[in-house]
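Mind docking chain L on chain S? Use the hints.
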Amino acid sequence: MDDLLIKNGRLIDPANSMDAKMDILVSKDKIVTIAPKISAKAKTTIDANKLWVTPGLIDIHVHFREPGYEYKETIESGSKSAAAGGFTSVVAMANTNPVNDCAQVTEFILEKANNTAVINVHTVGAVTKGIKGEALAEIGEMAKAGVVALSDDGKCLMNPGLLRDAMEYASMFDLVILEHAEDQSLCGKWSINEGRTSNRLGLVGAPAAGEDSIIARDITLSKYLNIPIHFCHVSTAGSVDLIRQAKKQGVLVTAEATPHHFTLTEDAVGSYDTNCKMAPPLRSKSDVTAIIGGLMDGTIDCIATDHAPHNVVEKEVEFDCAAFGIVGLETAVPLAMSLVNDGHMKPSDLIGSLSSKPAKTLNLSGGSLDIGSQADITIIDPELEWIVEPSKFATKGRNTPFGGKRMRGRAVVTIVKGRVVYKFNGKDIDSDE
Amino acid sequence: MEDLTPEDISQILNTSKLMKGISERDVKKAPTLRGKTIINMFAEPSTRTRTSFEIAGKRLSADVINISTSGSSMSKGESLKDMVANLEAMRPDLIVVRHKSDGAPAMISRWTNCTVVNAGDGRHEHPTQSLLDMMTILESKRKLEGLNVVIFGDIKNSRVARSNMIGMKKMGMNITVCGPKTMLPLYVEEMADNVTTSLADAVVGADVIMALRIQTERLEKAKFPNAREYSRLFGLTLSHLKKAKHNAIVLHPGPINQGIEISPEVVEGQWSVVLDQVTNGVAVRMATLYLLLGAGLQKTE
Numbered sequence: 025m026d027d028l029l030i031k032n033g034r035l036i037d038p039a040n041s042m043d044a045k046m047d048i049l050v051s052k053d054k055i056v057t058i059a060p061k062i063s064a065k066a067k068t069t070i071d072a073n074k075l076w077v078t079p080g081l082i083d084i085h086v087h088f089r090e091p092g093y094e095y096k097e098t099i100e101s102g103s104k105s106a107a108a109g110g111f112t113s114v115v116a117m118a119n120t121n122p123v124n125d126c127a128q129v130t131e132f133i134l135e136k137a138n139n140t141a142v143i144n145v146h147t148v149g150a151v152t153k154g155i156k157g158e159a160l161a162e163i164g165e166m167a168k169a170g171v172v173a174l175s176d177d178g179k180c181l182m183n184p185g186l187l188r189d190a191m192e193y194a195s196m197f198d199l200v201i202l203e204h205a206e207d208q209s210l211c212g213k214w215s216i217n218e219g220r221t222s223n224r225l226g227l228v229g230a231p232a233a234g235e236d237s238i239i240a241r242d243i244t245l246s247k248y249l250n251i252p253i254h255f256c257h258v259s260t261a262g263s264v265d266l267i268r269q270a271k272k273q274g275v276l277v278t279a280e281a282t283p284h285h286f287t288l289t290e291d292a293v294g295s296y297d298t299n300c301k302m303a304p305p306l307r308s309k310s311d312v313t314a315i316i317g318g319l320m321d322g323t324i325d326c327i328a329t330d331h332a333p334h335n336v337v338e339k340e341v342e343f344d345c346a347a348f349g350i351v352g353l354e355t356a357v358p359l360a361m362s363l364v365n366d367g368h369m370k371p372s373d374l375i376g377s378l379s380s381k382p383a384k385t386l387n388l389s390g391g392s393l394d395i396g397s398q399a400d401i402t403i404i405d406p407e408l409e410w411i412v413e414p415s416k417f418a419t420k421g422r423n424t425p426f427g428g429k430r431m432r433g434r435a436v437v438t439i440v441k442g443r444v445v446y447k448f449n450g451k452d453i454d455s456d457e
Numbered sequence: 496m497e498d499l500t501p502e503d504i505s506q507i508l509n510t511s512k513l514m515k516g517i518s519e520r521d522v523k524k525a526p527t528l529r530g531k532t533i534i535n536m537f538a539e540p541s542t543r544t545r546t547s548f549e550i551a552g553k554r555l556s557a558d559v560i561n562i563s564t565s566g567s568s569m570s571k572g573e574s575l576k577d578m579v580a581n582l583e584a585m586r587p588d589l590i591v592v593r594h595k596s597d598g599a600p601a602m603i604s605r606w607t608n609c610t611v612v613n614a615g616d617g618r619h620e621h622p623t624q625s626l627l628d629m630m631t632i633l634e635s636k637r638k639l640e641g642l643n644v645v646i647f648g649d650i651k652n653s654r655v656a657r658s659n660m661i662g663m664k665k666m667g668m669n670i671t672v673c674g675p676k677t678m679l680p681l682y683v684e685e686m687a688d689n690v691t692t693s694l695a696d697a698v699v700g701a702d703v704i705m706a707l708r709i710q711t712e713r714l715e716k717a718k719f720p721n722a723r724e725y726s727r728l729f730g731l732t733l734s735h736l737k738k739a740k741h742n743a744i745v746l747h748p749g750p751i752n753q754g755i756e757i758s759p760e761v762v763e764g765q766w767s768v769v770l771d772q773v774t775n776g777v778a779v780r781m782a783t784l785y786l787l788l789g790a791g792l793q794k795t796e
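Chains as they are written, first to last, in our numbering: chain S, 25 to 457; chain L, 496 to 796.
These aren't lab readings, by the way, just hints derived from the structure by calculation.
One or more of the hints may lead you astray.
[Stated by the list, open to error] The calculated lysine-lysine pairs, modelled on DSS-like cross-linking and capped at a C-alpha distance of 30 Å, are: (1) K429/S to K447/S; (2) K553/L to K213/S; (3) K718/L to K156/S; (4) K676/L to K213/S; (5) K576/L to K420/S; (6) K553/L to K515/L; (7) K168/S to K272/S.
[Said to hold, decoys possible] Sample of chain L residues with no beta-carbon within 10 Å of chain S, all distances over it, derived: (8) A525; (9) S574; (10) G598; (11) G617; (12) H619; (13) A695.
Nothing here was measured: the structure is a model prediction, and the numbers come from that model.
Where a beta carbon is used, it is the ideal one built from N, C-alpha and C, also for glycine.
Only chain L is shown next, with the shape it has when bound in the complex:
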């Protein structure tokens, strides 16, 4: 999201709205990207993002190929650079990259002439997630500017938090981040409008509440005593929602650890837009692929 201007973001969100229409049709297919080849290169486990990108590409009639760690040379000791060179030799038009290393998509875009889309890199960014989050908020609130959004959980290690802090700031949203002190990076106050370690304080007057997944796979050592204490201090419950605006919505990038960062009643309630996020994910990715391939824009995001 760092490289996008507010105008870029608006353009993608407007295009996404149009793309969503294709997914609502009986015949969910448009010929826009016919003859284009997209490689989904997923060097980190992912179900929803990979599927979302795959469906997005196929709905636009592109040929989509998936490569993942288990079924590729990434596990055979070949370097990433060599692998990219080999993929490029097969003349794809676009490579979607999910990687556990921060910056891998940026590096790959330097090593190849084809367009690269970041589908989440390490702790760095997850731009299409941020875009789908904003699309979902926009659908519900009809605007982004001036809304109070609370992002809570592992701010330090979350690429979703990072992309949203950058993207939502560009769109004029008022951002509050909340999490245990061990999960807030240094200088976090420069990245958000408000910073607090109290979820009860954070949610007061909120329009949008975004829970983050506690990513056990990214935690080298315990940043909190145990899941029970974490859920008591930083788990979103119905009582929190009473302090937020009456029409507040709750987002979660998934997969959800129910009962840890968010209680089951909150996930099931009318304020939850978690499944809208998944639906909109396809639309945002269709828009991204369309704008980069169909409309001839060449850039990495």
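If we strip away everything but chain S, and leave its shape as in the complex, we get:
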């Protein structure tokens, strides 16, 4: 008898141009059959009537804080948060302590992931030693240890000469660099976007030009070297325009945007709400519109959360002292679904930006429901309404601007390697035989 049968769902698999009512049969950890009506018996049967059955979602930008900041998050708690949000694979950033800039740290992280994570946890390696932007990290050794990309995320690679070396060197190992675009000299010690809100609150603002100028610089290098580069958390209209033009010219650039950057504007900061402090900052209405436009026409390839858990003591402080970042894994699906509900994107395009396209961007396995592939599957209830309660999050972080907000849509079952690793407790949709 096979292990898992998912019946009656709307199967959305952009990589295979599939959007139809299909059953899906899993044996052990592999997808074995996809057909309109499967009558085989399985140990577990899930009735997915009125639900979406999609490839396991992939988030290529999370911070899991281990090693070094286990009080904020661990690989285990982060992986459970990912599962609760419908993600079956994530890519963890390198700004741990010690920084993941050598094979030993990479091996530690991957072993921890292997032993404690409920989903597939990949990791990037740092581009430079200690993320200091001075000397290259041991990229070749880390490639051998299994990093899937390189990034100094949290800090911009400010030295263009070093960036060129890093791009060329990394290309030997087919590792793409994920750029955190923020010109430190233009931006200074900022807290929010430079604009009307920073005027009102007196806070130091980061100009949009501080992001645009780095993106323009990196596109120039990528074009010149013919080596790909990926832009993390794009937040400005200018960046979207630059990336759109670059793609038209065939430059090998890819980009991601976070749910908060296509949902909230700088107005959300209100009266110094530190849960609206993140890097890059929330921008203006026209930037939000441009990000949505970028997702609609494919200029922005992926939705990534930049899940950045912090302890409450790092957020309940003076605004300029508060830590940057918010948790995102458990609110990403409904926020992304609003792009469908508001008529901006088709369901298959949205799912593509959360599965097949991130997989393609970093050359990861998964992101599609191929016969014979690892059974990483997400089941989404597109209509389920629920209220965000940070105290019930699986992540250790409570830092979200969406606490108390009503959401529509969420992942209700998350399956990794054929095993159900998360089931939304409000809904009893499976029947064990």
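Showing chain L alone in chain S's frame:
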């Protein structure tokens, strides 16, 4: 000033006038706030504002306690929230907050049940300064509405400028701001009636000229080549005053960098109301404390 209505501002200014009377008496004390405890929490160096608040509280018979960065746990790594919780446990009635971080008073007011008064936060606001400026103008001009006021200097980094732009606009004044382009924020034209980088143009027909201190401590990097060039381009001199109205007055929130933003002859002249500002500061703070504690209004400003 953002939270105050024009009526609130008028009420505070009218009350300040009454309070000023107490300071003119031989026995400078009224029993109004007897039994009330006020904590002056100053997490940034300040002499005049702290003293002004302290005198204001004492003239109204409140018990006033001062805490400053050097003599408190703020330097021992305790979080601001914890510190406020500890202060609150001692049951003060009002906390006056001066802080280098924008928004610290607003945050503190969310963390405590007692009344919080903003005595200047970062680059954000300095409401009692704006109120004392308007009181001083009112004393000299008998009105605020329709007056031409010029605020010049580091508009971008000045909480005094920000509070005055907001407050004076609410009172119907015609505001011109002037400063080097590097010290004017984006969208400044939405905050003032006129914006210019020429001080000579700005002062034409002015009723009120307000100089701002060049705050070297708030400037991360040079926004102008040096003090000499700044004083030549943006220093207020007697020749500027000739272009203003004949009875124009000159304000400065202090401390003054003489010879940089303002020349010594201007500071010493009959148009200077700088010391009236300091006197009125006590009155405005007395009025603020009285209205918030004595009259039972509960709000943060």
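Each hint tested on the structure:
Proposed proximity of K429/S and K447/S is supported: the alpha carbons are some 21 Å apart, at most 30 Å. About 39 Å separates the Cα atoms of K553/L and K213/S, which puts this hinted pair outside 30 Å; it is violated. Straight-line distance between C-alpha atoms of K718/L and K156/S comes to about 28 Å, which keeps the hinted pair within the 30 Å bound. Distance restraint check for K676/L and K213/S: the Cα-Cα separation of roughly 20 Å lies within the 30 Å cut-off, and the hinted pair is therefore satisfied.
With a CA separation close to 21 Å, the supplied pair K576/L and K420/S stays within the 30 Å bound. Our distance criterion of 30 Å between C-alpha atoms is met by K553/L and K515/L, whose separation comes to about 14 Å. Of the pairs offered as hints, the one joining K168/S and K272/S is violated, with about 34 Å between alpha carbons and a cut-off of 30 Å exceeded. At the 10 Å boundary, the C-beta of A525/L stays outside the reach of chain S, the nearest C-beta of that chain being 34 Å off.
At the 10 Å boundary, the C-beta of S574/L falls inside the reach of chain S, the nearest C-beta of that chain being 6 Å off. Distance to chain S contradicts G598/L as a non-interface residue, since its nearest Cβ pair spans about 3 Å, not more than 10 Å. With a closest Cβ-Cβ approach of about 5 Å to chain S, G617/L is found to fall inside the 10 Å limit, against its non-interface label. Under the 10 Å C-beta cut-off, the non-interface status given to H619/L relative to chain S is violated; the minimum distance is some 3 Å.
The Cβ of A695/L sits about 26 Å from the closest Cβ of chain S, beyond the 10 Å cut-off, so the non-interface label holds.
Hints 2, 7, 9, 10, 11, 12, counting from the list given before, are not met by this structure.
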